[in-house]
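Visitor: Below, each chain spelled out in residue letters.
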Amino acid sequence: ELVDKCIGSRIHIIMKNDKEIVGTLLGFDDFVSILCRTIVFESTPEGRRVTRLDKLLLNGNNITMLVPGGEGPETN
Amino acid sequence: MSRRQTPSEFLNQIRGRPVMVKLNSGVDYRGVLSCLDGYMNIALEQTEEYVNGQLKNKYGDGFIRGNNVLYISTQKRR
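Line by line, the protein sequences are chains P and C. Sequential numbering of the first sequence, starting at 1, is according to the UniProt record's numbering. Sequential numbering of the second sequence, starting at 1, is according to the UniProt record's numbering.
Isolated chain C, as found in the complex (with noise of 0.2 Å):
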């Protein structure tokens, strides 16, 4: 069981599900996410950004640069 691919794995798994991002910068993104590469840039889809209250309502595309990620998050609901 060795599960070394961690980047590509995660790629491919998560594509089209909800996600959460959050930045360096401590703002927060919940969408779908379109397209993600391994240096964490994000293409996400029906985007809301988070700042202690809701900011900003993004419909469409939204594109975050990868180098000011956090962390991706995923929501699944079982």
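With the rest of the complex left out, here is chain P (with noise of 0.2 Å):
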């Protein structure tokens, strides 16, 4: 479907914790997503940015949003 669409693209995750993962899909299932080149951003008092290389193995069950081709924190 849609985020069929999005594998080998960027794609922006928003999870629970107001934490945000912009990645490459690399493929999903119905529990977890793995993206690749990810950069995930946390929201601390200053905004803090952590960088991963590789992969990225991500639980589904706090995922809140995606966007496909989503670049980062542009959300409020």
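Treat the hints with caution; some may be incorrect.
[Stated by the list, open to error] Reference excerpt, derived from the structure (chain P facing chain C, CB under 10 Å, subset only):
(1) M15
(2) V32
(3) V40
(4) E42
(5) D54
(6) L57
(7) N59
(8) N61
[Unchecked claim] Calculated pairs, DSS-like style, for lysine-lysine (alpha carbon to alpha carbon, straight line, at most 30 Å):
(9) K5(P) to K16(P)
(10) K19(P) to K5(P)
(11) K19(P) to K58(C)
(12) K56(C) to K16(P)
In case anyone wonders, no lab produced these hints; they're calculated from the structure. Given the structure is predicted, the values throughout are model-derived calculations rather than measurements. A virtual CB, placed ideally from N, CA and C, is assigned to each residue, including glycine.
Build the complex from these two chains, which are given one at a time in their own frames, with help from the hints.
Guide: Pasting the structure below:
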């Protein structure tokens, strides 16, 4: 469906914890997603960025929203 | 090019690699991945626990229940 189109391209994932993850979607199933070249944005007293290379296996349980082709913290 | 085997493919690839595991509580663990299952239960070796600063050092095996896992990240340096 929509997420299927997104495989291989950049996606922006917003989690329940107010964390945002931007990366390239490698794959997904009903429960988890795998990203590549991932950047994790966490909001602390400053705007902190945690960068990860290679792969990230993300638990789908905490995902609030998926934005295909999204950039980063543009939300509020 | 169908990559529909997301859990099992990842399982086979990242065993033995240094990973970073973040829990729902925000606690960070870095160690070498021993085992991982489809529920995201994890066995780690040489684990270090990070909460803001460095708290605990675990050598040997550490087990994390997958229920609490937010993500698992590999860090490969090419």
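Visitor: Among the hints numbered above, which are violated by the structure, and what are their numbers in rising order?
Guide: Checked against the structure, no hint fails, so every one of them is satisfied.
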